[in-house]
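Participant: Sequence:
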Amino acid sequence: MASVKLYNQTGDEKAKNIQSAIAKKFGRIPEVFQAMGRNGDFLEAVLNTAEAAGKGLDPKTKELIIIAISAANGCTYCLDAHRSAALGLGVTDEEITAAIEVAASISLFNAFNKGIDLNSDLKTPVKN
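Counting from 26, one number per residue, gives the positions in the sequence shown under my numbering.
Because the hints were derived from the structure by calculation, they are not lab data.
Do not rely on the hints blindly, as some may be mistaken.
What follows is a set of in silico ranges between Cβ atoms, one per label pair, in the way DEER data are often shown [unchecked claim]:
1. S28 with F134: 30 to 38 Å
2. T122 with N42: 36 to 44 Å
3. D83 with K50: 17 to 25 Å
4. T101 with K49: 51 to 59 Å
5. K152 with G115: 50 to 58 Å
6. A27 with L72: 13 to 21 Å
7. K85 with D142: 33 to 41 Å
8. K85 with S28: 29 to 37 Å
9. K50 with E119: 47 to 55 Å
10. K50 with L143: 19 to 27 Å
Listed below are the simulated BS3-like cross-link pairs for lysine-lysine, each with C-alpha atoms no more than 30 Å apart in a straight line [as the list claims (entries may be wrong)]:
11. K41 with K139
12. K49 with K85
13. K30 with K50
14. K152 with K139
15. K39 with K87
16. K30 with K49
17. K41 with K80
18. K41 with K87
19. K50 with K87
C-beta atoms are modelled at their ideal positions from N, C-alpha and C, and glycine is treated no differently.
All chains, please: the whole structure from these sequences, using the hints.
Facilitator: Here you go:
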């Protein structure tokens, strides 16, 4: 159960209009868009940011990145949603698992390196 009020067509007019479009796409309004549905300006900004992010990446790659980050951040909601989207785009279970493996391995390195405060000696040289 959500820990915030869900706005299912009960937010401001802009939010209601955006949610109507979302309902047409999904056949319902997913809870994430209900939770954001109080304020249409906010909901629109979030959706625009998600759309703008990753321009130039093919949809499969973008979904695999989202899956890897969702796994690393421990967001089951996003992991479930984007695994479903990725499978719909033709991504295989093996590719999804591989993306999560990469996220897990880099999370390990991140935690280790932050914990021992290493000097960053593998930087790309600056070209003048």
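Participant: Can you name, in rising order, the numbers of the hints this structure does not satisfy?
Facilitator: Per hint list: 4, 5, 9, 10, 11 violated.
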